Amino acid sequence: MSEYSFDSAADEVSNSMHPGADANGSRWRRAGSVALGGALVAFGLRRRSLGGTAIALVGGFLTYRSLSGYLTDAGGTEPVERSITIGESPDELSDLARDPETLERIVGHFAEVSEIDDDRSRWSAGGPLARELSWEMRIAVDEPGERLRWETVADDSSGALFDSWSLSFDEAPGDRGTEVTLEVRFDPPGGTAGSAAVERLDVVPESLIGTALDRFKSLAETGQIPTTENRPSERGRGDFL
Amino acid sequence: MQALTWHGEKDVRISEVPRPEIVEPTDAIVEITATAICGSDLHLYNDRMPGMREGDVLGHEPMGEVIEVGDEVESLEPGDRVVVPFTISCGSCWFCEEDLYSLCDNSNPNAEMARKMMGQSPAGLFGYSHLLGGYAGGQAEYLRVPYADVGPIKIESDIPDEQVLFLSDIFPTGYMAAENADIEPEDTVAVWGCGPVGQFAIQSAWMLGANEVVAIDRVPERLEMASQHGDATTINYEHADVYDRLMELTGGRGPDRCIDAVGTEAHGTGLDGISDRVKEGAKLQDDRPYVLREAIKCCRKGGTLSVPGVYLGRANIPFGPLMNKALTVKTGQTHMQRYLDPLLGKIEEGEIDPSFIISHQVGLEDGPEMYQTFNDKEDDCIKVVMTP
Ligand SMILES: [Zn+2]
Ligand SMILES: [Zn+2]
Numbered sequence: 001m002s003e004y005s006f007d008s009a010a011d012e013v014s015n016s017m018h019p020g021a022d023a024n025g026s027r028w029r030r031a032g033s034v035a036l037g038g039a040l041v042a043f044g045l046r047r048r049s050l051g052g053t054a055i056a057l058v059g060g061f062l063t064y065r066s067l068s069g070y071l072t073d074a075g076g077t078e079p080v081e082r083s084i085t086i087g088e089s090p091d092e093l094s095d096l097a098r099d100p101e102t103l104e105r106i107v108g109h110f111a112e113v114s115e116i117d118d119d120r121s122r123w124s125a126g127g128p129l130a131r132e133l134s135w136e137m138r139i140a141v142d143e144p145g146e147r148l149r150w151e152t153v154a155d156d157s158s159g160a161l162f163d164s165w166s167l168s169f170d171e172a173p174g175d176r177g178t179e180v181t182l183e184v185r186f187d188p189p190g191g192t193a194g195s196a197a198v199e200r201l202d203v204v205p206e207s208l209i210g211t212a213l214d215r216f217k218s219l220a221e222t223g224q225i226p227t228t229e230n231r232p233s234e235r236g237r238g239d240f241l
Numbered sequence: 001m002q003a004l005t006w007h008g009e010k011d012v013r014i015s016e017v018p019r020p021e022i023v024e025p026t027d028a029i030v031e032i033t034a035t036a037i038c039g040s041d042l043h044l045y046n047d048r049m050p051g052m053r054e055g056d057v058l059g060h061e062p063m064g065e066v067i068e069v070g071d072e073v074e075s076l077e078p079g080d081r082v083v084v085p086f087t088i089s090c091g092s093c094w095f096c097e098e099d100l101y102s103l104c105d106n107s108n109p110n111a112e113m114a115r116k117m118m119g120q121s122p123a124g125l126f127g128y129s130h131l132l133g134g135y136a137g138g139q140a141e142y143l144r145v146p147y148a149d150v151g152p153i154k155i156e157s158d159i160p161d162e163q164v165l166f167l168s169d170i171f172p173t174g175y176m177a178a179e180n181a182d183i184e185p186e187d188t189v190a191v192w193g194c195g196p197v198g199q200f201a202i203q204s205a206w207m208l209g210a211n212e213v214v215a216i217d218r219v220p221e222r223l224e225m226a227s228q229h230g231d232a233t234t235i236n237y238e239h240a241d242v243y244d245r246l247m248e249l250t251g252g253r254g255p256d257r258c259i260d261a262v263g264t265e266a267h268g269t270g271l272d273g274i275s276d277r278v279k280e281g282a283k284l285q286d287d288r289p290y291v292l293r294e295a296i297k298c299c300r301k302g303g304t305l306s307v308p309g310v311y312l313g314r315a316n317i318p319f320g321p322l323m324n325k326a327l328t329v330k331t332g333q334t335h336m337q338r339y340l341d342p343l344l345g346k347i348e349e350g351e352i353d354p355s356f357i358i359s360h361q362v363g364l365e366d367g368p369e370m371y372q373t374f375n376d377k378e379d380d381c382i383k384v385v386m387t388p
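Residue numbers (this note's numbering), protein chains in the order written: chain W, 1 to 241; chain B, 1 to 388.
So here's chain W without its partners, still in its complex pose:
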């Protein structure tokens, strides 16, 4: 049996400040570490509803952005990118990712997705923010076995959390399957949703994306996403008590 410690997070913070790391990347990592340390502490003390988690995710991003002034000259945000290796072929994985039901399941930890038609879907952040953060995305690039890209429909009246959500599929060396990269361009509104969520610096986009990839991998490799739903504890039954 083995165990882990909060202090490693502190290590990561200093690693990310190592000279030579690119400035933007290191800032993201630093924010990620600090925020995640906070999240773990919070986790040890209490756990919110799924909706609350979503607020926290959005809040974390908004707070981070407002604190760091993380805007490029063009006024947009840098995309956040993460990769994972999955033991299936690029074709199988892009087919799976293209299925709207898959999308619903892999982003289920922070958003609800419903299919509008074959190319379009409506996304909303979970919980109370759903009313404020709801947006339409459509498939802009669809190259089976290579790339899939969803873009936010521009004239949507409600707020969007992302500008784009892109997956690329590259064969991994040996028999390890496929390297899947998820790149997301975040662009949440700074207005009402921002102020509602802004106090909750808990989790940052990197974590949100990392978990989405974990969920995609588990679904592809095992047909299910690991869960502790209904877990008994003295607090009652379920994940979010």
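Calculated directly from the structure, the hints in this document are not laboratory data. Fair warning: this is a prediction, and the values are worked out from it, not measured in the lab. Just so you know, not all the hints are guaranteed correct.
Chain B stretches covered by chain W per the calculated footprint, using a threshold of three residues with CB under 8 Å from any CB of chain W [claimed, not checked]:
| id | stretch |
| --- | --- |
| 1 | 50-57 |
| 2 | 61-69 |
| 3 | 99-107 |
| 4 | 134-145 |
Chain W regions said to be covered by chain B (calculated; three or more residues, Cβ under 8 Å) [unchecked claim]:
| id | stretch |
| --- | --- |
| 5 | 208-218 |
| 6 | 226-232 |
Where is the CB? At the ideal position from N, CA and C, for every residue including glycine.
Position chain B with the ligands relative to chain W; hints supplied.
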């Protein structure tokens, strides 16, 4: 149902909690008939492990009877008697396919958190914090077992619970520790720590062909057990200098294979031990790596250091001697599924009866008291088995 729950430092309670249910079609529900307290549960008891929440159900060494299975479970059915290993493994990822079950990629729902701590996430575990999955544990009347076709081993003979229960963790863990030591026929194997894992490491070292086994501890009844049941030469480190004694026993070469079955809760003696406690108090290190340091110092040049003992985070160890003496270090949580069948075979053939380790058998409701007894090493307590 009744379960033992965690409420903070030195606070384990017997609680009424909801019964687990089938969530995924690959789940099984097991009615627990025997469940043990593990040395690594003491890290939870002493609140040294982050990611626990008040009211979490403890326990990762259970066995019992399957009472319900999900639609996709093929190898088990209600009525089967099973031992449930402490690691949760999906059976489908690259690591599971390579027999590296404790490194499963898919069984920790909180992998992102573990990745932040370690770079990558190992497998989820029963009853061992939200960092390692947040799964409810088996010190309870019932347990939900995910990926039920992958973990539990069916016991088809009528061999008693006490003889097979330790397949859930400590017997395979001690065995893997000995296997990781790469024992060869002329080897002297030194085992630090004569708790349950150490006892099984000692017995496994003989099974794997050791020439001599030396056991190091300070608790007389543990040393007695290592000598009686494990046929080991013993060193009580409170009465002898471990380095001097090991050099004496090996003609100055040092033991060829060293096993640290103690881990983070080591009680060092002298200045080193005090310095560890100070650094830990000052948050300069997470662990007390006294045994690791001593094993590096004592180990024969070119020897092997096997570490089944649990470490938490950063440990201050002499890397220079490790490198200059060309030691090999092998470690890791136990790849349980590798060992279940072969070790069950050894038990059924009478090669080993693991029940020798049991010092206390009580009802689940006595769990809170037993945690304290075990933690304080009172009443000659070596291993506690509870019956719900
Ligand atoms: Zn254990
Ligand atoms: Zn696996």
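Coverage of the stretch 226-232 of chain W by chain B (three or more Cβ within 8 Å): Contact hint for the stretch 226-232 of chain W vs chain B: holds, 7 residues under 8 Å.
Quick check: the stretch 208-218 of chain W, covered by chain B? Criterion 3+ residues, Cβ under 8 Å. holds (count 5)
Coverage of the stretch 99-107 of chain B by chain W (three or more Cβ within 8 Å): holds (count 3)
Can you confirm whether chain W covers the stretch 134-145 of chain B, using C-beta to C-beta distances below 8 Å and requiring at least three such residues? Check passed, 5 qualifying residues.
Examine the stretch 61-69 of chain B for residues whose CB is less than 8 Å from any CB of chain W, and state whether their number is three or more. violated (count 0)
Coverage of the stretch 50-57 of chain B by chain W (three or more Cβ within 8 Å): holds (count 8)
Violated hints amount to a single one, hint 2; each of the other numbered hints is respected by the structure.
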